[in-house]
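Asks: Once you have looked at the hints, place chain B on chain A.
Here is what each chain is made of, one letter per residue.
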Amino acid sequence: VPPELSNADIATAPAGVDLALFDRMLSVGGAELVASLAMQLLADFERIWLDLHDQEPGRQRAATHELKGVAATIGATDLVDLAILHEVSLHTPSRSDLDWQRQAMRERITAVCALLRSRAGAAATT
Amino acid sequence: MSPGALSDPILLIEDTPSLQMMYRAALARAGYTVEVCGTVAEGLAGFRRMQPRIVLLDLTLPDGSGAEVLDRILAQRPETAVIVITANASINKAVELMRAGAQEFLVKPFDDQRLIAAVHNARNALSHREPWVASPADAPPAPFIGQSPAMRDVYARIRSVARSMATVFITGESGTGKELCAEAVHAASPRAARPLVALNCGAIPADLLESEVFGHLRGSFTGAIADKLGAAAAADGGTLFLDEICEMDLNLQTKLLRFLQTSTITPVGATKPRKIDVRIVCATNRNPLDEVRAGRFREDLYYRLHVVPIHMPPLRQRGDDVIEIAERLLVEMAREEGRGFAALSPAVRQIFLTLPWPGNVRQLINVLRNVVVLNDGRIVEPQMLPPDLQAPLPPQAAAAPPLSPADVSGPAPAPLAGNGSPFDALAGRTLAQIERLAIEAAIDRHGGSVPRAAHELDVSPSTLYRKREAWNRSDKGR
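The listed protein sequences derive, respectively, from chains A and B. Each residue of the first sequence is one higher than the one before, starting from 7 at the first, in the working numbering. Each residue of the second sequence is one higher than the one before, starting from 1496 at the first, in the working numbering.
Simulated from the structure, these hints should not be mistaken for laboratory data. Quick caveat, the model's predicted, so the values are computed rather than measured. A virtual CB, placed ideally from N, CA and C, is assigned to each residue, including glycine. It is possible that some hints are incorrect.
[Said to hold, decoys possible] Label pairs and their in silico Cβ distance ranges:
1. B/P1877 to A/H59: 45 to 55 angstroms
2. A/R65 to B/V1590: 28 to 38 angstroms
3. A/H97 to B/E1574: 34 to 44 angstroms
4. B/T1958 to A/D60: 45 to 55 angstroms
5. A/L56 to B/R1830: 18 to 28 angstroms
6. A/A26 to B/A1620: 22 to 32 angstroms
[Said to hold, decoys possible] Just so you have them, the derived chain A footprint on chain B, three or more residues with Cβ under 8 angstroms:
7. 1506–1514
8. 1520–1526
The shape of chain B in the complex, shown without the other chains:
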């Protein structure tokens, strides 16, 4: 078998351009295809994308250590043959890396024949191993990122429940990806070709919600100038996602219960019910049982909806996922904003791993957007982070319980005038962008609670929900 018969490309993770050229050229002459990445972040992203069987890995990279990459590659796919390249000829280091699972250890200087021999040896070793077959449970369903044990449980549950018609009840703090979970359930279900209709029960005024869910006929109330197909009918054959279900008015909860019991809807103003075939997925950031106990959520509706619960873990309980998510999003945002960022520095990684992230992935996205918009470079350094992240909360504050409504009123905000005004960081932004930053910061301050943020900002929660819906639509449209 000629070397070229191995059609799998080799992943080379090396940051020095001349060495990239040399290794690639030597291997290309021997018939191999090589894809090159220059940082830890790019290397891990390349590994996830290519799933190569052989990786050539430089031990010292600008944004971290090759040893970290080795660990993460082998955790994802233990059968990978990783050939470590280093200029440090320490025996201890070699033993340490071989114990960690490296296939071979190349110490500079080595010539092209030595490099090719190492790749041949790795190929031969792979041919004696059982071919690696990706377990469906190993890969996150799109667009999830992360392989923490908590998220693996979520993925497994999504795959199990997707095939059935069972109602799914998703709980989790704001920003943990409840809507993504609903989308993943729908995408993995036999209904994937039919519509997924999402409705945010907290974003729609109570008097309009019935019409939004069940539709209305022309003339059924003032302002009903035409027939309207409700969300339930629009989702016929597909999935209806009811977000912030605990915000739903009690009267409408009764109608929803009737709909779930009979699978029929009666649009406002109609006399005849209509049969609808939808799968219900709902979500809340509250504890639904607390809402039942407080009399704000019907108990019979709770038991009707709470068939298969899925709890989305907060980011602080997802271990290394925060780094994987941050680096993937960083590269995407840098491309959008015309910046050169490719990775986080080791110090920033450490900060990210210890932060409590009360706003979860949404807060992480805001932090990264802030960094990318206000700075430029290849590596994100600690001084580029927003000031409140550079001095993270002490652990006891991070673990503090949610604020009570009395706490929310809080002290008066500090004056904005004078030297070092917070306005400096806002220079060049539009009023709409500043409003978005202020609202998202308020939601983060309140652990993702929109109602509490609304209280602080002295607006209605539905105003904030509506704005967030508009931003999400705008972000998706870009």
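For reference, chain A alone in the conformation it holds in the complex:
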């Protein structure tokens, strides 16, 4: 059963994250799996972020698509929207939007990762 959301949770949640879905998906394997699932998500975000900056366009496109899927699964809706925009920009001849999109994605990923770390820490202490 996902944990009840407190007011503090809601107040500190990063913008554009469906916190109910986020916690529900982190707890799909029960309390004992929350920490390892959070750590795996952190590792995946790090790998995807590196691939987004790869020289090879195919790898950039694959990473953007993967980001869209992972973000959607944990309710990071703003990140999903940015990934969709980025996917379109990667397919268009002008790549002028890529820089601001990556900056915005970086902020959202950082916020989601901070949330994941806090959940992993909380799960480890209980």
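Replies: Same frame as chain A, now just chain B:
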């Protein structure tokens, strides 16, 4: 019935590790067992191995599209319930996949209850379908890989002929799997518990061949220091496989014919014949009727042997089999060589599907070995292929007839010195490995013809046959 009552494991094909963990955990809590694969190649191999009734399939995978996996899974087993997972919420895509046979379409985000409900629905739908029973004709006999129509005919013929005593005559280009076919006939026959003895008629000097086939007694000729059991006697009760039968000396063909007519052998130096019970399977990469017309093969022996012909199709006529074979072998070779390769990139698949493969599966094996030894990574990309494959022959060259002996002499080889020397690619290899590469490349260049390759390399064909036998033994021993 509890969910756990469905003991069949579910196959999950998804490449992102955190999503693998989530889906597996959600389904495990609901009582399901899940096996996870991360690529198209692993997924198809997992499907063949597990034969699951329910598959959860991500639509975008690192080495290809989930839609391709859906097609291939349903082609092999149409009753499979495939639940497609995607982050692309396009209605057109959903309609396209449902038309292609997907059971359900899950668009991210979905929660664990939605996932479990989709699997429950698939289970319920399956319970209303006729249980799928694998037709024996559907599964390739080990160790064959591939489900192309041409190979299905071969499998059906192997199964039909295996039960009888009829002589089997296998034809096909070099590298098409004639020896595997002989092994499959033997393994599916009532003689499977008895020996299968293979003899390469082209690898043994003519003056020793009689002794190899029929045996000899001590002192029957110089060097016969002990009695020798010939291949025919060693195969008593089992199967005698005579490979490269058209290379057999005419004199010995007469003795073989007598053996087939009387089922008796007389070892060299013996006076009394001995009754032998063997089933004969023979093979050649030549057109046996051409050999009869040219006077190199006895007509009466041809009709005695040519009872049930099986023709092994060349790789270029086997459609998608080339991809299935390549990806299965790639994973095996990568494991042997300590590399991480798991799949071919879509571009490499396209190249493989259009190549003429004159050396057939043997050439494919050499290409993959070259890639795995000289590169590392997860996906095979076009730049990792040997240079001659990166710029494939134009179609008219691919369809060109075999070279005439006059063509074989060809122009002098390019000098090896200077920048970009071919030697660079050989760095770190032993002399024996380089010799093997050179010989196999020469055989491939001549469409699998060992005699022509031998002519180019200025050695006897039997030298090449002997070396290939030794490599095959060494490869099997590993």
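Asks: All the hints need checking, so say for each whether the structure fits it.
Replies: Hints, verified against the model:
no.: 1; hint: B/P1877 to A/H59: 45 to 55 angstroms; in the structure: violated, 23 angstroms
no.: 2; hint: A/R65 to B/V1590: 28 to 38 angstroms; in the structure: holds, 30 angstroms
no.: 3; hint: A/H97 to B/E1574: 34 to 44 angstroms; in the structure: holds, 38 angstroms
no.: 4; hint: B/T1958 to A/D60: 45 to 55 angstroms; in the structure: holds, 49 angstroms
no.: 5; hint: A/L56 to B/R1830: 18 to 28 angstroms; in the structure: holds, 27 angstroms
no.: 6; hint: A/A26 to B/A1620: 22 to 32 angstroms; in the structure: holds, 30 angstroms
no.: 7; hint: 1506–1514; in the structure: holds (count 5)
no.: 8; hint: 1520–1526; in the structure: holds (count 4)
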